[in-house]
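Protein chains in written order, with the numbering used here: chain A, 1231 to 1507; chain B, 1231 to 1507.
Keep in mind the hints are simulated off the structure, nothing from the lab.
Hints may contain errors.
Copies of the same chain look alike in the list, so a pair counts if it fits in one copy or across any two.
[Unchecked claim] With a straight-line Cα cutoff of 35 Å, these simulated DSBU-like cross-link-like pairs (lysine-lysine) come out:
hint, residue 1, residue 2
1, LYS1235, LYS1430
2, LYS1250, LYS1235
3, LYS1235, LYS1456
There are 2 protein chains.
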Amino acid sequence: MITGKTRLIAHFGYPIEPVKAPMIYNPWFERRGIAAVVVPMGVAPADYASTIATLRRFTNFHGALVTMPHKVATLDLVDELTPTARIAGAANAILRRPDGSLVGDQFDGAGFVRGVIGKGWQPAGRRVLVAGTGGVGCAIAASLAAAGVAEMMLFDTSDASAQALAGRLRHHYPALQVHTGSRDPAGYDLVVNATPLGMKPDDPLPFDVTRIAPGTFVGEVVMTQKYTPLLQAARARGCPVQVGTDMLFEMIPAYLEFFGFGTATVEELTETAVLEH
Amino acid sequence: MITGKTRLIAHFGYPIEPVKAPMIYNPWFERRGIAAVVVPMGVAPADYASTIATLRRFTNFHGALVTMPHKVATLDLVDELTPTARIAGAANAILRRPDGSLVGDQFDGAGFVRGVIGKGWQPAGRRVLVAGTGGVGCAIAASLAAAGVAEMMLFDTSDASAQALAGRLRHHYPALQVHTGSRDPAGYDLVVNATPLGMKPDDPLPFDVTRIAPGTFVGEVVMTQKYTPLLQAARARGCPVQVGTDMLFEMIPAYLEFFGFGTATVEELTETAVLEH
C-alpha cells in the first residue's frame, strides 16, 4: 500500500514497458511490510540527466534501478561510484545516502558471482577465464575480482576492449594477475561465456569444450534457452554449470542489501513475484 | 500491481507524508483493473517548476494531483487552464493530453457542487451567496458559475479579494450577475461558508442565521467537526445542509473523469479506500 511515507525507488528505462522488476520487488516489499515502491519511469536518453537532478531532490526519493539505455550515462550523474561500477563501466543502481549524495553501483556481475558461490564454488585464489568484455563481461569480471579471484584471463574479439578492462582491473586490484588474448579454457577453475554466442542456432561454441576439464565450473550469460549448446557440452563432460537466468535472479538480493532493505533468498522472491502480469 | 505499462500519476506536495489520495485511488484502480498508480512525490517549492518540466517528458506520465503548496504555482507551469482553474486562481490536477500538452484544472469546487447536486439541489438559474473568497471560496464560486447559477453574492473581509474574484467571474461568465459586499443570507437559494469561521469554539457565525429561510441550502467547508455551529443552527431552522468533508470525497469522482478513468461513486471509493494505513 503506497502512502505519503513510502520511499520512492525510480526504475529508469527506455522503453520502460518490458521491465519486470516492479513485479518482483513490490510484492516482496508488501510481504515484508517495507514502505518502499519501485515505480517505472520511461525516460528518453536526452532527458536522463535532468531527471536524476530533479528526482534526487524529492523528499521521499530513496534510489533508483537503472536499465537500458541509461547504465553508462549514470556514471557521470552520481557523486560516487563503487570500484565494481567503475570497472564495469556502467551502473544499474543508485542509492541516495542520508547526506543527500548519490552512489552508483552495478549488480549484474554480483548476480553471477552470488549464483556460482551459492552452487558451492569458492572464488578466493582461483583462476578464471571470461570470454566477452562487453557490458556484462566487464560486470562479471569486476565482481569476480571483488570476490577475490587470483588470476583472470580476458578474451574478446576486440583485444582493445579486453585490454581496456584489464587496465581498469589492475588499477583497482593490483594483486590480481590479469591477462588477455586467449580463450583456451584449459587450466581454469571457472570459465564464463559473456559473449552472445549461443543465441543463434548456428553459432559456434565460445570455447573448445574438449579442453575444459571435468571439474571446471562453466557459467553462461545467454538466456535464449536454459541449457545452451555450451552448457550441454559442459554437463556432458561432468562440469558444474550456471544457466543465464540465474544471474538475473541472484542480483536481486544484492540490490535489496544495497538499498538497506535486508536480504532475501531467490526462493522467497520467486514465491512473491507476480510475473504473469 | 505496478508494471512497465502502468501510467504514472504524480502526487505533488510538501510535506508529502500526510497525503491520503494514494490510499483512495490506488485500491480503486486495482479493483477496476486500471493500469495507473498515484505516486507521492515530496517536492520543495523551489524544485517544482523543474519537476513538472522533467516528469511531463516521461513516456508513462499520465498526469498529477497537486496539493499544498503547489496549487497556485501550477497555473504558470501548464499549457492550458480550464476557466474553473483560472477563476479559482489555482490548479490541483494536471492531465497530459495525447499531444503532450498539459492542462490544469481545479476540483475543490467541483467536489462541493457535486455534493449539493447529489443532495437534490439544482444550480441552474439560482441565487447563491459565498462568504470567504480565499482559495476554497474562489474554487466553489468558479464551480457554481460553471454549473449555471444565475446570480452570485461574494463576501470577504477583504473586499478587494471579493472584487477580484467578481472580475474573473464576469470575464468568464458574462451572463452571471455578480455582486459583492454583503453577507446577509436572506433571499438566497444556497449560502456557503468558505471562511475559517467555525474552526475555533468561540468563532462568531459567518451569517446571521435568523435571516436564513428554511428552504435555503447551507454548505460548509470547515471540517473540524461534522456539524459546525452554522450547520447546527441551519438544521434547527429546517435547512438542508452539506458538511465540510463531503466536498473532499465528492471531488474524487471528478478527478477520475478528468483523468479518463470513467467514474465512481463516493460509496465505491469509500469501500475500497484503505485509510487506516
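A quick look at each hint next to the structure:
| no. | hint | verdict |
| --- | --- | --- |
| 1 | LYS1235 / LYS1430 | between (48 Å within a copy, 29 Å between copies) |
| 2 | LYS1250 / LYS1235 | both (24 Å within a copy, 10 Å between copies) |
| 3 | LYS1235 / LYS1456 | between (41 Å within a copy, 27 Å between copies) |
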